[in-house]
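> The listed protein sequences correspond, in order, to chains P and C. Under my numbering, the first residue of the first sequence carries the number 229, and numbering increases by one thereafter. Under my numbering, the first residue of the second sequence carries the number 10, and numbering increases by one thereafter.
By construction, these hints were calculated from the structure, which means they are not laboratory data. Warning: the hint list may mix true and false statements.
[As the list claims (entries may be wrong)] Interface residues of chain C toward chain P, partial, derived using beta-carbon atoms under 8 Å:
| # | residue |
| --- | --- |
| 1 | Arg17 |
| 2 | Val21 |
| 3 | Gln64 |
C-beta: ideal position from N, C-alpha, C; glycine also.
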Amino acid sequence: MHELSIALNIVEIAAAEAARHGESAVSAVHVRLGPLSGVVKEALISAFEIAREDSPLAGAELVVEDVPIRFYCRLCRMEVTVASLQAFVCPRCSSPAGDILSGKELEVRSLEIEA
Amino acid sequence: MSGHKTTRLVEVRTKILKENDVAARALRQRFEDEGVFVVSLVSSPGAGKTMFLEQTLLRLRERYRVAALVGDLATENDAQRLARAGVPIRQICTGTVCHLEADMVRTALRDVDTAKLDFLFIENVGNLVCPASYDLGEALRLVLFSVTEGEDKPLKYPTIFNTADICVLTKMDLADVVEFDHASALNSVQAVRPGMQVLDVSAKSGVGMDAWIETLCGRAAR
Chain P
229 MHELSIALNI VEIAAAEAAR HGESAVSAVH VRLGPLSGVV KEALISAFEI
279 AREDSPLAGA ELVVEDVPIR FYCRLCRMEV TVASLQAFVC PRCSSPAGDI
329 LSGKELEVRS LEIEA
Chain C
10 MSGHKTTRLV EVRTKILKEN DVAARALRQR FEDEGVFVVS LVSSPGAGKT
60 MFLEQTLLRL RERYRVAALV GDLATENDAQ RLARAGVPIR QICTGTVCHL
110 EADMVRTALR DVDTAKLDFL FIENVGNLVC PASYDLGEAL RLVLFSVTEG
160 EDKPLKYPTI FNTADICVLT KMDLADVVEF DHASALNSVQ AVRPGMQVLD
210 VSAKSGVGMD AWIETLCGRA AR
């Protein structure tokens, strides 16, 4: 499981950003997570609880935004969300997913800091 | 307002694996500039990566300059096995880390003149989960799964199959013994990665190995 090392990265990124804002206390870290990132949300949240100990993020909550896997379906001529990870097709016409527009995200989006 | 804390939102927008992505991009550029075709192998433990790689190296070494990096948690057994193929092998012991990262590859290649190679293979740690998150700068990612693992393996680990370019079905010599349902396995692969190329091989009997080498050389020539 690599979620602990990912969680440690999140703490590092967030602590550096908080320091730029005058060491203010961070109350929440918002991350965006796509299913194709290979990171499991529940495991990440548990790992974050360990990673934040003894860090400037000790009081911070991890808020995970799930990003859907989206692609442009040429048959339907519109952007759609894949049916599922186990059915990588258009939910409307079942044609195979083409170039992925989103779903690989693994990023720190924002911090809530106490003003 | 005493006792009330107000919070403000600060935009960050930083990729969590940015360091790995940057290192992988630099490696990919280097490999392209040097003209070396880099292939990584991922699979669960025991799917037959090392045997498949050994047989691949043996077939390529007559005509091409080849080398391999092998990732393993604790032992150097795989490197010792692969050394029998008579090509340069470097072992990456990851310790407790369950996957390879781009920087481990860069470090392992410190004293390897990759410009003098035609093919470089990177065997990842046996794991179908974590390697999916880490780009290694490879040009081609193979995901292997053996006929003894069950036809629905791709459905259980869709992300790794989704990040791979070619699926290699290994241990085909055992297919009948384990009553492997080939059509069902293909359906599983197509469900998680429509259009993915699937190669049937047995590194032990040699079946399918020539077709794989032909596919590999075709991809490298693109």
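> Quick one: which hint numbers does this structure break? Sort them smallest to largest.
3
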